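Peer 1: Could you build the full structure based on these sequences and the hints that come with them?
In case you want the letters, here they are:
Number of protein chains: 2
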Amino acid sequence: MTLTKPTRDLYAAYVDRMQKIADIKYSAAVLEWDQETYLPPKGATARSRQLASLSEIAHEWLTAPGLGDLLQELHGRGDLEEDQHRNIELSLEDYNKGKKFSPAFIRRLSETSSRSFHSWLRARAANSFLLFKDDLQEMVTLKKEEAELAGYEQHPYNALLDNFEKDCTTSLLDQVFSTVRAPLKELLDRIADRPGVDDSFLRGNFPRGLQWDFGLDVIRQLGFDFEAGRQDLSEHPFTTSFNARDVRITTRIDENNFSHMTWSCIHETGHALYEQGLPPEYYGLPLGEFTSLGIHESQSRLWENNVGRSLAWWKPVYPRLQAIFPKRLEAVTVEQFYKAINKVTPSLIRTEADEVSYHFHIMIRYELEKQLIEASLSVADIPGCWKENYAAWLGVDVPDDKNGCLQDVHWSHGSFGYFPTYSLGSFYAAQFFASAVYQDVSIGQALRGGNTAPLLAWLRTHIHRHGRRYPSEQLCQIATGKSLDIRFFLDYLLDKYVIIYDL
Amino acid sequence: MTLTKPTRDLYAAYVDRMQKIADIKYSAAVLEWDQETYLPPKGATARSRQLASLSEIAHEWLTAPGLGDLLQELHGRGDLEEDQHRNIELSLEDYNKGKKFSPAFIRRLSETSSRSFHSWLRARAANSFLLFKDDLQEMVTLKKEEAELAGYEQHPYNALLDNFEKDCTTSLLDQVFSTVRAPLKELLDRIADRPGVDDSFLRGNFPRGLQWDFGLDVIRQLGFDFEAGRQDLSEHPFTTSFNARDVRITTRIDENNFSHMTWSCIHETGHALYEQGLPPEYYGLPLGEFTSLGIHESQSRLWENNVGRSLAWWKPVYPRLQAIFPKRLEAVTVEQFYKAINKVTPSLIRTEADEVSYHFHIMIRYELEKQLIEASLSVADIPGCWKENYAAWLGVDVPDDKNGCLQDVHWSHGSFGYFPTYSLGSFYAAQFFASAVYQDVSIGQALRGGNTAPLLAWLRTHIHRHGRRYPSEQLCQIATGKSLDIRFFLDYLLDKYVIIYDL
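Those protein sequence lines, which keep their order, are chains A and B.
All residue numbers for the first sequence refer to the numbering used here, where the first residue is 51 and numbers rise by one.
All residue numbers for the second sequence refer to the numbering used here, where the first residue is 51 and numbers rise by one.
Note that these hints are calculated values from the structure, not bench results.
Keep in mind it's a predicted model, so treat the numbers as computed, not measured.
Any copy will do: because identical chains look the same in the list, a pair fits if it lies in one copy or spans two.
Okay, derived cross-link-like pairs now, DSS-like style, lysine-lysine, Cα gap no bigger than 30 Å in a straight line:
1) Lys194 - Lys452
2) Lys149 - Lys70
3) Lys546 - Lys532
4) Lys75 - Lys92
5) Lys365 - Lys546
6) Lys437 - Lys393
Peer 2: Shown next as structure tokens:
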């Protein structure tokens, strides 16, 4: 590629290269999807090496000097269209970030991650943090090194946050979390003083096939395009995408607990609607990608909670559910059902937490991560620190490591800076939802009739179609006219729980 | 890679390279499998380009000059172990063959194949060969060019046969087919003079779920390892492998016709047992691959016909089938059932043909292909020639192109030289089966008790474990002590039909 060619030709070469890289990345995603859904057990060994080879090629191509020269040259050209310029700007950013890490460092990271994932599995099975400690220590050391290589302002943890949520910083998170901490704690305490909510009817015998059919029905109602995606079963529900026209979600079914399947379906559908709403013409280019994990999570949580745990939406949907499980639900009113699915009970396990206590799980992890990276906490002290915090904030006694600091896979993969995006997702979700129903009053009306199409249309227009054009904060400004304002989330929770618990 | 390094290091570099190429090829196979089983319709466009990118990488790596130098150097080293030497020899053969074709020629072939596949689809839908003629003409021209580039002795068609069946030639096929033609025709004629066989009970209502369960049961009984593979549904049944520990088969279910599912399951299981029996330690190397399509087909046909259409095997299995479909089968004896599943009826469609008339479908195609490639037949004359041959050999009137020369996909893909391997498969199957039961009498005994494990053990030892070590003819010699001898096949058919039709 001669860099003296016309801009049009150079840009075409850039698109071609990026789309071929996307082909490899999405091929890997297909192999990973198959690994979680259909892979026979003995196929696992070869699958690992097939995935490793694909990611080696993708990384090599993404950091090739030729691509850097091309991006640099195009970035200096004055005759790019606006979208083209934005694509080049973002790709150059990715390229410059990528080349800060040598292939040797990437390999160390991947090897350590693989090793510490297996020691995490062993430690969890043996219920002993000690078996995980050394590999976690090495991972923390590597992540500190990564922060130094990447560079950062103010706090090394900012470099790690940047992997998941661009421009997110400890200052922003400290401010956000300090705003929610006290009111959430007060809400938890007030709820604890009230009589409990009965949710016993959510457990019992809900036949597998009926749950599956109801799940598909809900997903379809919410606007998931089954011509451009599908649902399968896996141990842990997830969403993956091979392009905006092929988005796969998974769920799990527990015959004794109707909730698992239902809200994992709705949650993953939220992720999937975002992916299906990304502009397909930008296949392989930044403007065709999601903008951040926080925004991705805002979409899953908006559908899961703001819609999927609302009385408004369930009123028209609930009779269908009653008709499917008459024995269990015909004597339960929609109001009783609504209270049950919103029951608040501080507990040990993050993934099973309600909407109020959930954020304490995140804040505890966030503080620990920050301290580990700034070296004010040593790895050996994690279990003790975990126990103290769970007692202080959630009033629960951590009986062992399995139900404590070994419950999440994230650290074994080196995903430090990931947890905060879960809370950010809920906060953005509340603000997006409030803005949507405020900006277009027909959205709420339709929702009360079980029709979510106007809400989806708002999200398509204000969030999805922008792809990676704007970072989260700017996207939030453009979509809602305001920076992230935590009061939307607090208002949403108070409105809900004042009624449910008669506070 | 410095070529002055010790043999051990050079061989390790060769293995590493070949296994990475295998990673890419098998990744493509996963994407293709998904395409046939689970891909949502709108995902097809991106999937095509993802597959194209993977095959581009594989081809580039397979023909890289560095690989050629490495293979050349290793081939000259005297200190390779026997297996290592054989791997190098076969890889060098592949390399030398691959580099005869320029990337531009490969691209033309792939583009023409893609275009002619679509015009074949259109032509078939419109039932008009004319719509396919021009693209087929171009494909024939390209295949002649391919034969010239590849080089050949005696007949250009030999170069094309070599793609599927190494060392197979028109002389061999002419001799084989001239041996079977007359006796098969005589058998067809004698059968036609006898009263027909009643197979009406094979049609009617066979519920989908029950068929699926019976199919899985049969597959498991035959020795397919479900820890190292799985079965799914697809429009056209096929087998694919991502390594010997992950082999996927598919089937289709017709509620009105029990036969489709059953014998496609058994056929694909035959292919899969071969793949599962290849030595996994040779992942990515020639000794870990199957040796030819003819031998692959011998495995599927041996299980489908020599086992799956035998009275010996059905006697113990049939009561289970009766218990699943009592309404349809309780009044049908296993002898009546056996006759029905072996009914001979010359017909228009190859894939639905019985074991006798099947080979006329192949011989007709073989003669046409040979004439097309040697230019003694023009593409425009195919439909007329097809009609004449079907009338002469099978006594059937070809009413239109859809039921005639447009029925198979092969030519649109440029797969000239492929069809003969189907017949070779049946011929080898008969010889392997006869040798197995002759060499180890316990095989037949076990079979009559429904136990196919001793037969599978024989195939593992005499066929599967050799991988690509021997070409078909040599493998046949080693396994059976003889060259391919068509009399095994003729004896097998006569033994069967003399009884069924009381000839």
